[in-house]
Amino acid sequence: MSNNEMILTALGFSNWDKQLDEFKNNFGFDWTNEDLDEAIEVAGCNTSNVRNCLMEILWLKVVYYFVDTMECCRELFDSYINGSLDTHFYYNGTEVKSEEELLKLVNEV
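Residue 1 is where the sequence shown starts when you use this note's numbering, and the numbers rise one by one after that.
These are computed hints drawn from the structure, not numbers from a lab. Take the hints with a grain of salt, since some may be wrong.
[Unchecked claim] Derived DSS-like pairs (lysine-lysine); straight-line CA-CA distance at most 25 Å:
id, residue 1, residue 2
1, K24, K104
2, K24, K97
3, K24, K61
4, K61, K18
5, K61, K104
6, K61, K97
7, K18, K97
8, K104, K18
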């Protein structure tokens with residue numbers, strides 16, 4: 001078990017939650033210690049919300065990468081993050097599951 005996995009397990013993250021692991025492969029971004037600190041701070045006393053906050057932070061990294069480097073409109077990005085089995089990312093109303101899918105949609109506009 002990696003150090004990151006041990007930290008997440010200690011916070012009560014499910015071993016079945018693969019989206020955090022897959023996020024780096026799918027979108028090219030991983031969380032840092034600073035991201036985790038921010039997620040814990042934002043979640044407050046609700047440790048079960050740390051995972052959702054961390055996913056939101058990761059998604060915003062993707063969003064601002066596309067906004068800054070490809071001049072995409074921020075308003076076209078959205079997400080629905082509600083637990084490990086109900087997390088979705090959108091561009092222009094279409095769900096995206098990887099950077100490749102996102103690039104394809106961005107290039108169509």
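Compare the distance between the alpha carbons of K104 and K18 with 25 Å, and conclude whether the hinted pair is satisfied. holds, 24 Å
Proposed proximity, K61 with K24 (alpha carbon, max 25 Å): Roughly 11 Å separates the two Cα atoms, so the pair holds.
Holds or violated: K18 to K97, with C-alpha atoms at most 25 Å apart: holds, 13 Å
Holds or violated: K24 with K97, Cα cutoff 25 Å? It holds: about 11 Å lies between the C-alpha atoms, which stays within 25 Å.
Take the C-alpha atoms of K61 and K18, compute the straight-line distance between them, and say whether it is at most 25 Å. holds, 19 Å
Can the restraint linking K24 and K104 be considered satisfied, given a maximum Cα separation of 25 Å? holds, 18 Å
Does K61 pair with K97 here, judged by a C-alpha cut-off of 25 Å? It holds: about 15 Å lies between the C-alpha atoms, which stays within 25 Å.
Check the hint pairing K61 with K104 against an upper bound of 25 Å on the C-alpha distance. holds, 18 Å
The structure fails none of the hints (numbered hints given earlier).
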